[in-house]
Amino acid sequence: MSRSLAGWRSLGGWLLPVAAVSLGLLILSTGLWAAGYSAADALGALWRGSFGSWDAVTSATLPRMVPLLFIGAGLTLAFRAGAFNIGAEGQFYAGAIAATWAGLHLGGWPSPFALLILAAAAMLAGAAWCVIPTLLRVRFGVLEVISTLLMNFVAVALVSLMVTGPLQESRRVYPQSDPIAAAARLPILPGTRLHLGLPIAILLCLGLRVLYSRTQWGFRLRALGVGPRAAVITGRVPAGRYLAAALLGSAALAGLAGGVEVSGVSYALFQNLSPGYGFTAIAAVLLARLDPLGLMVTSLLFAALEAGAGAMQREAGIPSVAVYVVEAVVILVVVVAEGQAFRNAITARTAEPA
Amino acid sequence: MSTLPGVAAGFVEASVRVATPLALAALGETLAERGGTINLGIEGSMLAGALASALAAGAWGPDAGLLAGALAGLALAALFAAVAIGARANQIITGTAVSLLATGLTGAVYRRVYGNAGATLTIPTLPALSVPGLDQIPIVGHALFAQALPTYLVYLTVPLLWWVLSRTRWGLGLSAAGESAVAARAHGVPVSRVRIVAVMAGGAMAGLGGATLVLAQVGTFAEQMTAGRGFIAIAIVVLGGWHPVRVAAAALLFGAAAALQFLFQALGTPVPYQLFLMMPYLLALAALAGRIGRVRAPAALGQDL
Numbered sequence: 001m002s003r004s005l006a007g008w009r010s011l012g013g014w015l016l017p018v019a020a021v022s023l024g025l026l027i028l029s030t031g032l033w034a035a036g037y038s039a040a041d042a043l044g045a046l047w048r049g050s051f052g053s054w055d056a057v058t059s060a061t062l063p064r065m066v067p068l069l070f071i072g073a074g075l076t077l078a079f080r081a082g083a084f085n086i087g088a089e090g091q092f093y094a095g096a097i098a099a100t101w102a103g104l105h106l107g108g109w110p111s112p113f114a115l116l117i118l119a120a121a122a123m124l125a126g127a128a129w130c131v132i133p134t135l136l137r138v139r140f141g142v143l144e145v146i147s148t149l150l151m152n153f154v155a156v157a158l159v160s161l162m163v164t165g166p167l168q169e170s171r172r173v174y175p176q177s178d179p180i181a182a183a184a185r186l187p188i189l190p191g192t193r194l195h196l197g198l199p200i201a202i203l204l205c206l207g208l209r210v211l212y213s214r215t216q217w218g219f220r221l222r223a224l225g226v227g228p229r230a231a232v233i234t235g236r237v238p239a240g241r242y243l244a245a246a247l248l249g250s251a252a253l254a255g256l257a258g259g260v261e262v263s264g265v266s267y268a269l270f271q272n273l274s275p276g277y278g279f280t281a282i283a284a285v286l287l288a289r290l291d292p293l294g295l296m297v298t299s300l301l302f303a304a305l306e307a308g309a310g311a312m313q314r315e316a317g318i319p320s321v322a323v324y325v326v327e328a329v330v331i332l333v334v335v336v337a338e339g340q341a342f343r344n345a346i347t348a349r350t351a352e353p354a
Numbered sequence: 355m356s357t358l359p360g361v362a363a364g365f366v367e368a369s370v371r372v373a374t375p376l377a378l379a380a381l382g383e384t385l386a387e388r389g390g391t392i393n394l395g396i397e398g399s400m401l402a403g404a405l406a407s408a409l410a411a412g413a414w415g416p417d418a419g420l421l422a423g424a425l426a427g428l429a430l431a432a433l434f435a436a437v438a439i440g441a442r443a444n445q446i447i448t449g450t451a452v453s454l455l456a457t458g459l460t461g462a463v464y465r466r467v468y469g470n471a472g473a474t475l476t477i478p479t480l481p482a483l484s485v486p487g488l489d490q491i492p493i494v495g496h497a498l499f500a501q502a503l504p505t506y507l508v509y510l511t512v513p514l515l516w517w518v519l520s521r522t523r524w525g526l527g528l529s530a531a532g533e534s535a536v537a538a539r540a541h542g543v544p545v546s547r548v549r550i551v552a553v554m555a556g557g558a559m560a561g562l563g564g565a566t567l568v569l570a571q572v573g574t575f576a577e578q579m580t581a582g583r584g585f586i587a588i589a590i591v592v593l594g595g596w597h598p599v600r601v602a603a604a605a606l607l608f609g610a611a612a613a614l615q616f617l618f619q620a621l622g623t624p625v626p627y628q629l630f631l632m633m634p635y636l637l638a639l640a641a642l643a644g645r646i647g648r649v650r651a652p653a654a655l656g657q658d659l
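If you're matching them up, the sequences are chains A and B in order.
With this note's numbering, the residue at position 122 of the first sequence is 122, and numbering never jumps.
Just remember that this note's numbering sits 354 ahead of the position in the second sequence, which is counted from 1.
Keep in mind the hints are simulated off the structure, nothing from the lab.
Note that CB positions come from ideal geometry on N, CA and C, so glycine has one too.
Be aware that a few hints might be false.
Simulated DEER-style distance windows between Cβ atoms [what the hints assert, rightly or not]:
#1 362(B) to 193(A): 29 to 39 Å
#2 193(A) to 361(B): 46 to 56 Å
#3 547(B) to 207(A): 42 to 52 Å
Covered stretches of chain A, as calculated for chain B (at least 3 residues, CB under 8 Å) [as the list claims (entries may be wrong)]:
#4 151-162
#5 318-324
#6 328-338
Go ahead and model the full structure; you've got the sequences and the hints to work with.
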């Protein structure tokens, strides 16, 4: 049984996430107090914006959980194979671009087919956005961390180019696309912003969990991949099929997240569509120790943080980017906790990927 | 300006000016990586340095801004070192988290100090310092010898870094730590300690690079203004084969690519500006692909102890 599964089943496994998030909130509160804000107001706004009302839960928090689940699911795959895909943000945008383009042209199709085509386009685009980093890793041993990171910036520029150029709305006034066809939009729960993407994402996580724990393929993926070795940088260690597949698969899921966001929430493409989902998902996955079930809990948590951050900015005047501080602290706490055990984890590794 | 020598001189001048912050960050990261640590947090160090320099320069002038930038970069690198080296945590994730932290912190502090309006603030910038005589050399004179202080710091740092790494005991110990922590320790090198010092010095230089970006290039601060320059610096380190002189040359190459963008835009070519925005990152990717396999990285790079 891998460490991550054991971690979440025991009480001790809950201690780390609780400690990490508590520390993050504590540091945030301290910083706010030092900057002259009222920490109580801030935390209150955080709560009200995330769980304080039916509206908050269904229209602010839960919709924000969906991209985190899709991206996070992909990252459990990548990280378990030792592939540090830090480019989910860019792959998200690539998927969003493709989904928007598809959504604008699929008006004549019956809705289920339009949605399937849109999803396929988004996944293909996301994977395509990771082809260069994957090639660089497999062929030349280039750290995918750097290459995927760099591709993020290219994606942001590409979105800007699209919404001021080929995909711009018909009146040519605003940097955004026309709304996509009704057939290409995911059904929503009436009165809320909650769309079909959420149950699909949950099913995906459950499916992955089964895959990881019950199939031979799942067993062969390493838990929390080993750090990059210099030999890999110089291209003398073959990266393996599992790694390439895991990288591309995680990118496809990140692209799907972008497509689902367009199809279920925004119905159009514009800049800053993602408030950093690609990076928040990393924190969520690490906090969940790469376990898809744990991911559902941590995604809810981070979605609540982001939803609350918006309220925090509106009500208490605190910039919403401050929530990145909490996320970063969470990642640091988790990575320190894994640090000492890390070498033990390496020696307790299961079979090397083929 | 429309004469060919004039255009060429302007091009070289812009290349050097844009290359300076990149060179500072890349040289700092070279030091860290020669010791075996890959610090993805230099993006955060650069951004923190940029904000710190803006705040300090506004209050006490541009020279104070440079110092503040270096200190801010050093502080963030210290956090990284504490977690990645002290707690032996995964370097990649730690570095990413530190850069994320910097984004949140600088954004929050910036809006707190300057308000949510987003108005461009004016900051006293660094004056260009001319070396009498040398700056009269045709075409390259002004470009190389009429720049702001940080550029001259780069000129000093390159030979200094080379000398430290290859001629001092400390530097040789650092290089040994970068090749094999076990072997270095067997020879009496305090591996963790030298790595921490190298990382912190590298962070200070990255912070200085961020300060240079504000005080000698852009002239103001904007959220997330470093836009991945720290990550480009890491690609520059690879392109330069972890040697100070070649790293500086690689940085100049990137500066030239950016200057080329200015040139095209000045010439009025109908190319969407976003393509020029993409160029540095695509160039970095090409550099990574091109160099790998022909250079040797420090063998222990990225390994946890």
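* Apply the coverage criterion to the stretch 318-324 of chain A and chain B: a residue qualifies when its Cβ sits closer than 8 Å to a Cβ of the chain, and three qualifying residues are needed. => n = 6 at 8 Å, threshold three: holds.
* Quick check: the stretch 328-338 of chain A, covered by chain B? Criterion 3+ residues, Cβ under 8 Å. -> Since 7 is at least three, the answer is holds.
* **Outcome of range test on Cβ distance (residue 193(A), residue 361(B); 46 to 56 Å)** => Taking Cβ atoms as reference, residue 193(A) and residue 361(B) lie about 54 Å apart, which means the hint holds.
* Quick one: are residue 362(B) and residue 193(A) within 29 to 39 Å, going by C-beta? -> About 56 Å separates the Cβ atoms of residue 362(B) and residue 193(A), which means 29 to 39 Å is violated.
* **Range agreement (Cβ of residue 207(A) with Cβ of residue 547(B), hint 42 to 52 Å)** => holds (48 Å)
* Asked: Does the stretch 151-162 of chain A contain three or more residues whose Cβ lies closer than 8 Å to a Cβ of chain B?
  -> holds (count 8)
Hint compliance for this structure: hint 1 is the single one not met.
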